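Enquirer: Protein chains in written order, with this note's numbering: chain S, 1 to 172; chain U, 1 to 177.
In case anyone wonders, no lab produced these hints; they're calculated from the structure.
Source: prediction; values computed, not measured.
C-beta atoms are modelled at their ideal positions from N, C-alpha and C, and glycine is treated no differently.
With the C-beta cut set under 7 Å, the calculated list includes, among others, these residues of chain U facing chain S:
hint, residue
1, T4
2, V8
3, C11
4, L22
5, R23
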Amino acid sequence: MPVEFADSVRDFRFVRVVMWAATIVAGLLQALAARFYISGDGNSYLDVASAYLRGDFANAINAYWSPFYSWLIALILWAFKPSEYWETTILHLLSFAGLLVALLAFEFFLRNFLAAKQNFVRPEEGESVYMPLSVWWMLGYGLFLARPWKYSACTRHHLMFGFVRRPSCPLD
Amino acid sequence: MYPTSPDVWVCAATFLSAGLILRISIKGGLPYFGALGLVLGLGYLIKTFYFPWLRVLYLHGATTPAGSPILLQQDSQVCSEHWGDPFFSAESTRSHDAWFSICYFRMQRLGKLDWCVGKFLSAILIDEVLKLSVKAGFLPGIQCLSPPRPHRTCQRPSLSRYPWLRKASEFRLYPSS
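Pulled out of the complex, with its shape left as it was, chain U reads as follows:
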């Protein structure tokens, strides 16, 4: 607990997502898929580590053979039979909720090794965050993913209330996350 950083919250999100995947494998159920999407989206806001972690889950779901403990493919078929495409398309469009879309496409596409969908949805999620940032006052011209990358977006904030600690951390005298 020494580092005053969000690491412990990352830990919570990881255990939650792992538990939800196991719960899906046992019981299935749409609410658990929704909860998993929310947790993964929240995890992305906690730490960017969740961006590659989403890909790990995609890979896992896509390569898990039927009959193994993680039955994501079978669950996705059951859920799609009960709910179908139109409901989810309309719902995700209406609410503009990228997390909901991720859950939906995760159920629908993972068994087909459709990597493009995963990339597309990740882009949607990031786009949603950037859109909120722009609404909040972030300059639209500054985007971290489009070249040329502005220097300021990759820098730590220059203001600091404890400058001596800033200097120490740069020389790695303190453990850094």
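Chain S extracted, bound-state conformation:
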């Protein structure tokens, strides 16, 4: 006999509001806590963005650093013209904005994943537990948020969390 749990739009909205609030608060706190930290790569991206701004394309365009992030930094530097004191803070706020964009993208992915699951996966007979949508969303948000904060140096890899469990990490 399958066990069913109550599933409602209100539950989903509640989960969504809580997770968005948690993301914004935790992301802002971490961005501000690490506002004077800059990695070697971030340093170089900042240099490339500055080179774009001063028209030094020979140094700005290169075969090592991808252009998009430098363009974003250059746009921010051009718009706000921060002093050197605030440059690293601006970088972290840009990462925070990226986190929010990534969360939106994750919601888009999970929404389509659940729709595809509903369309193509037939519930097997004898399945004992039915997982409501709000629980799916809670698990998804939890996985999304757990990776960047636990392994903050491995943000590139948390996009693969659903496929590969990374065996080791420098901050483990």
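Given chain S's structure and the hints, the job is docking chain U onto it.
Expert: Just chain U, lined up with the frame of chain S:
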């Protein structure tokens, strides 16, 4: 969020592309193919990781059997019936948009295991980026894909506003992307 790097933007592009593929599998539709091409092209500009990732998508689309959740082959047939070759050839030529071409050839060719098309389109995409670079002032003689490879293209920029951090990162005292 410690690393000040584009990793989080890579994450966004990956989720978007995965969501678009799922959406295509559910509903199909030309706009979603176009959006997928744009996202993949943007992903390439964010991180070169998307260059092999494109191949993964090609492989996935080409080897997915009909009737499975990802129905790229069936979608491609529907789209090609509605739009046809001439429109897309003319449109992609007119706009010089390699992303649009990728979407088009992706729909048309993947079911036939035509790997050459994938390679050709990837080359077009890179060529477009290099062309823009040359227009922007990058020296035409410096190309990362043609031997002999100039030393400077593989080096990190020499200028640095925080040289002590540069030194630290080279010794891997800081996490690096």
